[in-house]
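Protein chains in written order, with this note's numbering: chain A, 6 to 496; chain B, 6 to 496.
Just so you know, the hints here were simulated from the structure itself, not pulled from any lab data. From a predicted model like this one, the values you see are computed outputs, not experimental measurements. There may be inaccurate statements among the hints.
Same chains, same label: a pair holds when it works inside one copy or across any pair of copies.
Said to hold, decoys possible - Once the Cα atoms are required to be at most 25 Å apart in a straight line, the calculated DSS-like pairs of lysine-lysine come out as:
{"id": "1", "residue 1": "Lys-62", "residue 2": "Lys-353"}
{"id": "2", "residue 1": "Lys-301", "residue 2": "Lys-52"}
{"id": "3", "residue 1": "Lys-27", "residue 2": "Lys-301"}
{"id": "4", "residue 1": "Lys-330", "residue 2": "Lys-62"}
{"id": "5", "residue 1": "Lys-462", "residue 2": "Lys-478"}
{"id": "6", "residue 1": "Lys-103", "residue 2": "Lys-255"}
{"id": "7", "residue 1": "Lys-62", "residue 2": "Lys-360"}
{"id": "8", "residue 1": "Lys-336", "residue 2": "Lys-260"}
{"id": "9", "residue 1": "Lys-360", "residue 2": "Lys-138"}
{"id": "10", "residue 1": "Lys-118", "residue 2": "Lys-92"}
{"id": "11", "residue 1": "Lys-82", "residue 2": "Lys-255"}
{"id": "12", "residue 1": "Lys-118", "residue 2": "Lys-103"}
{"id": "13", "residue 1": "Lys-59", "residue 2": "Lys-336"}
{"id": "14", "residue 1": "Lys-82", "residue 2": "Lys-185"}
{"id": "15", "residue 1": "Lys-62", "residue 2": "Lys-301"}
{"id": "16", "residue 1": "Lys-27", "residue 2": "Lys-260"}
{"id": "17", "residue 1": "Lys-27", "residue 2": "Lys-456"}
{"id": "18", "residue 1": "Lys-118", "residue 2": "Lys-26"}
{"id": "19", "residue 1": "Lys-484", "residue 2": "Lys-239"}
{"id": "20", "residue 1": "Lys-456", "residue 2": "Lys-239"}
{"id": "21", "residue 1": "Lys-462", "residue 2": "Lys-484"}
{"id": "22", "residue 1": "Lys-138", "residue 2": "Lys-27"}
{"id": "23", "residue 1": "Lys-118", "residue 2": "Lys-478"}
{"id": "24", "residue 1": "Lys-458", "residue 2": "Lys-213"}
{"id": "25", "residue 1": "Lys-353", "residue 2": "Lys-439"}
{"id": "26", "residue 1": "Lys-478", "residue 2": "Lys-325"}
{"id": "27", "residue 1": "Lys-26", "residue 2": "Lys-260"}
Protein chains: 2
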Amino acid sequence: MSKGIPKRSDDYSLWYNELVKKADLAENSPVRGCMIIKPYGYSIWEKMQAAIDKMFKDTGHSNAYFPLLIPKSFLSKEAEHVEGFAKECAVVTHYRLKNDSGGSGLIVDPEAKLEEELIIRPTSETVIWTAYKNWIQSYRDLPVLVNQWANIVRWEMRTRLFLRTTEFLWQEGHTAHSTKQEAIEETIQMLNIYADFAENFMALPVIKGIKTESERFAGAVDTYSIEALMQDGKALQSGTSHFLGQNFSKAFDVKFATREGNLEYVWGTSWGVSTRLMGALIMAHSDDDGLVLPPKLAPLQVVIVPIYKNDEDKNAISEKALKIKLGLEGKGLTVKYDDRDTYKPGWKFSEYELKGVPIRIAIGPRDLENETVEIARRDTKEKSTRSVMGVEKYLPELLEQIQDNIYQKALKYRDEHITNVQNYDQFKQVLEDKGGFILAHWDGTTETEDKIKEETKASIRCIPLNQVMESGKCIYSGKESQQKVLFARAY
Amino acid sequence: MSKGIPKRSDDYSLWYNELVKKADLAENSPVRGCMIIKPYGYSIWEKMQAAIDKMFKDTGHSNAYFPLLIPKSFLSKEAEHVEGFAKECAVVTHYRLKNDSGGSGLIVDPEAKLEEELIIRPTSETVIWTAYKNWIQSYRDLPVLVNQWANIVRWEMRTRLFLRTTEFLWQEGHTAHSTKQEAIEETIQMLNIYADFAENFMALPVIKGIKTESERFAGAVDTYSIEALMQDGKALQSGTSHFLGQNFSKAFDVKFATREGNLEYVWGTSWGVSTRLMGALIMAHSDDDGLVLPPKLAPLQVVIVPIYKNDEDKNAISEKALKIKLGLEGKGLTVKYDDRDTYKPGWKFSEYELKGVPIRIAIGPRDLENETVEIARRDTKEKSTRSVMGVEKYLPELLEQIQDNIYQKALKYRDEHITNVQNYDQFKQVLEDKGGFILAHWDGTTETEDKIKEETKASIRCIPLNQVMESGKCIYSGKESQQKVLFARAY
């Protein structure tokens, strides 16, 4: 049965766009570049949020909420921040509409012009550090460990559902510390939390590293990121954690009295992941038949479909199915019994495949006789017939196997797509023929980085952490290099 | 010990404002009318969200997310909606800033003017019904039961933290149904959910009723609300549920094919509660010493404070306290052991009183000897000394008692402040002397309603549901009336 999704091998980009829409995850809104996250897509995002939020709280962070609107002048306070960052944003200039006296409908009331324009937050450092100036007086007020779940607007010219949208949802953590060391540890801790979440919930292997100067967050001293690989061999930056040093505390004059009574500037961090993770999740695992969701993030883990010809069969199957459902729910699984008469079993099979439900159970009259069920895995498409008896014990284990299998498959693909190259020709050839991550020596200059990017569209994704140092020659300039860095074409 | 909060009897309004700030719930932001919800305030809101969200999901609703920005033209599509509603809103006219060539910093780029202005959502009916036109084709697509947690901007001239802010957080449910009956049942179901939440979680008794025409949501056929009473005798509308009839489906052309193959307009509802509930919670229960939080919404239910003179005592007390903490956490309670050396016990007592922590346990050297603890209730200020032995069993019960006591107290106050009046003089006198809700006959005309409001500042809060019908004469016009309606001065 055709689901109207192109094959990945024919057009990966179109496959992604169509899958997002056909699987009811998201759609474009009438406002260019903004998306509607549909209930099924949002329920996956909610599972992500819940897991991430718990990790934040387990490490002592609290949520708060800061205003959507930022006075224009705030953006100018941290010089690099405004330079690198805050230009493409939505500007609020008026606060009232009125009926046109000429009868042409609603118009903006020219009398309701704001004295200072307001910007819809493109990120919240400026408004949060303005608040921190009042919150922080003494070492006793530190650390401040705050996170916010919020919507963000950045006026993007080219948008794609989840991957790059004008409005998106994210969390942004903003912390303040009394020492540099503590702030750096926080930055690394949050990077590790993102990596743990990606690997253990999203089944997505990631490489942790530090960004080069040109890819650094505007206003940060250091930016760390996790980088994942998609099935088309392109990289996707999936989360960032910034050590801000004292840049924002100096720009916003946030000082604290130390235990010894001195006044010092606090040290800051910020870190975030967004609905972009949805894009990563979809792209990393799904296939030509639809979504493949890791069980830990699947809104629905098991679906039971009855196969019957008459009401008598249906009743008997329903009784059995609901018993199984109850038993599995008792084990903490999310289960749906779909006995709708308005759709045929074949349609339902295809639908739940498209939606990426990890396990499908089918029960027909013969299963009733034999006390069996048919179990189909979404990830491998394997089917097996099993006794009803052991299902309650077997399915939780099977979900774990599926979670692990999806991860191992992505890991294998990723590891097979990390290529060490010695020279620029090899670099270009690997990029063209194979894609994926490329480890290569680089001379450390922005000039070289820019030229490579210009010529090949590959950028330095990160300087990987915990990497063996080995000296060599830059593939582009031939100059000395102390370690290889990670290149890729990226989303 | 003074906490710097005025007494309620001196200045109720100032008491509220100061309490919100001193208890670290929220503060004003640099953008006029917008608030910062601080971590402690936000953690209460999160508990509210979790409880409400569960009630929505238990009744079959799913969350989704729709864009923040709405094209100006959308607002004009439903005639009453735009007339009554959508004027005071934030208008986005440009999408880029640039550096001023004159060196005066950032300016709005005049070249980046939008063709059509965008409005920051003041509510989302228009953008959601635009989407529903595509989502709904057939009876098989119905009902659509969607909710959204989102931020909202309405340009308010007079703002107060939580009660009325330019930006606020809320949930907005938007449902579509195949029959009028089903949509009305949904409207009532959601009203009942709001009432249940208010009474069982917020410990806040509410009156359910239907709004008069002039207080109806613009675009609704009927608006239902829950009305609560604050300690100063003023009412606070705490949630609304709207039966939209076919107004929005007609305005946005949302039709469905019935089972019989006819094309019909769908029936709609919308319903919402907001961070205003935080204002209601604070105002309804708190006292001159600070917040009083119902245990079910208290981020921290029990705090343990050690009282010691030397390290030896402290160590022994800590061992005991941590054991108690663990035991209580095992019962599902949220417990903090505050052994900070930087603050004295008296300061801590006062602080947790201010923050409304329902139960405080103090443990001193004498308690160690006697195997006792001192337990203080926040709601009644009663203290008792009890054996450590029974604490794990006793405290969960005590929390239930506290939850119930807070509700009963509010209920008693509310019931004592519902006054039946026979004539307008009595009406005015009750308003001046006693405040609260007033039940009185009304002739059903907007004219009378407006005049009473103009003369007394009291409005019709609702026509209560499930009320005994009794005929009488309107207190203002003397005309016939079939039932009494509920008046009050309101927030």
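Right, here's what the structure says about each hint:
1. Proximity of Lys-62 to Lys-353 under the C-alpha cut-off of 25 Å is restricted to the inter-copy arrangement: shortest distance 23 Å between copies versus 39 Å within a copy.
2. For a Cα distance limit of 25 Å, the shortest separation of Lys-301 from Lys-52 qualifies both inside one copy, at 8 Å, and across copies, at 24 Å.
3. When the C-alpha separation of Lys-27 and Lys-301 is checked against a cutoff of 25 Å, the pair qualifies only within one copy, where the shortest distance is 22 Å, while the shortest distance between copies is 41 Å.
4. With identical chains, the CA atoms of Lys-330 and Lys-62 are at most 25 Å apart between copies only, with a shortest distance of 18 Å across copies and 32 Å within one.
5. Taking identical chains as interchangeable, the C-alpha atoms of Lys-462 and Lys-478 lie at most 25 Å apart only when both belong to the same chain, with a minimum of 21 Å there against 81 Å between chains.
6. Only between protomers do Lys-103 and Lys-255 lie at most 25 Å apart by alpha-carbon distance; the minimum there is 24 Å, versus 43 Å within a single protomer.
7. For the homomeric pair Lys-62 and Lys-360, the shortest alpha-carbon distance between copies (20 Å) is at most 25 Å, but the shortest distance inside one copy (31 Å) is not.
8. Taking identical chains as interchangeable, the C-alpha atoms of Lys-336 and Lys-260 are never at most 25 Å apart, the minima being 51 Å within one chain and 42 Å between chains.
9. In this assembly of identical chains, the alpha carbons of Lys-360 and Lys-138 lie at most 25 Å apart only when taken from different copies (23 Å versus 47 Å within one copy).
10. Proximity of Lys-118 to Lys-92 under the C-alpha cut-off of 25 Å is found in both arrangements, the shortest distances being 21 Å within a copy and 14 Å between copies.
11. For the identical chains of this complex, Lys-82 and Lys-255 are intra-copy neighbours only, at 10 Å inside a copy versus 49 Å across copies, given an alpha-carbon limit of 25 Å.
12. Proximity of Lys-118 to Lys-103 under the C-alpha cut-off of 25 Å is found in both arrangements, the shortest distances being 13 Å within a copy and 20 Å between copies.
13. Taking the closest pair of Cα atoms, Lys-59 and Lys-336 come within 25 Å of each other both inside a single copy (21 Å) and across two copies (20 Å).
14. Taking the shortest alpha-carbon separations for Lys-82 and Lys-185, only the intra-copy value of 22 Å comes in at or below 25 Å, while the best inter-copy value is 55 Å.
15. For the identical chains of this complex, Lys-62 and Lys-301 are neighbours both inside a copy (19 Å) and across copies (19 Å), given an alpha-carbon limit of 25 Å.
16. For the homomeric pair Lys-27 and Lys-260, the shortest alpha-carbon distance between copies (22 Å) is at most 25 Å, but the shortest distance inside one copy (52 Å) is not.
17. Taking the shortest alpha-carbon separations for Lys-27 and Lys-456, neither the intra-copy value of 40 Å nor the inter-copy value of 56 Å comes in at or below 25 Å.
18. When the C-alpha separation of Lys-118 and Lys-26 is checked against a cutoff of 25 Å, the pair qualifies neither within a copy, at 39 Å, nor between copies, at 31 Å.
19. Taking the shortest alpha-carbon separations for Lys-484 and Lys-239, neither the intra-copy value of 27 Å nor the inter-copy value of 76 Å comes in at or below 25 Å.
20. In the homo-oligomer, the alpha carbons of Lys-456 and Lys-239 lie at most 25 Å apart inside one protomer (19 Å), although the nearest pairing across protomers, at 69 Å, exceeds that limit.
21. When the C-alpha separation of Lys-462 and Lys-484 is checked against a cutoff of 25 Å, the pair qualifies only within one copy, where the shortest distance is 21 Å, while the shortest distance between copies is 80 Å.
22. Within a single copy, Lys-138 and Lys-27 get their C-alpha atoms only as close as 48 Å, which misses the 25 Å cut-off; across copies the closest is 17 Å, which meets it.
23. In this assembly of identical chains, Lys-118 and Lys-478 lie within 25 Å of each other by CA distance neither inside one copy nor across copies; the values are 59 Å within and 49 Å between.
24. Taking the closest pair of Cα atoms, Lys-458 and Lys-213 come within 25 Å of each other only inside a single copy of the chain (21 Å); across copies the shortest separation is 64 Å, beyond that limit.
25. For the identical chains of this complex, Lys-353 and Lys-439 are neighbours neither inside a copy (37 Å) nor across copies (63 Å), given an alpha-carbon limit of 25 Å.
26. Taking the shortest Cα distances, Lys-478 and Lys-325 never come within 25 Å of each other, neither inside one copy (68 Å) nor across copies (63 Å).
27. Taking CA atoms no more than 25 Å apart as the test, Lys-26 paired with Lys-260 passes between copies only; the shortest distance there is 22 Å, against 49 Å inside one copy.
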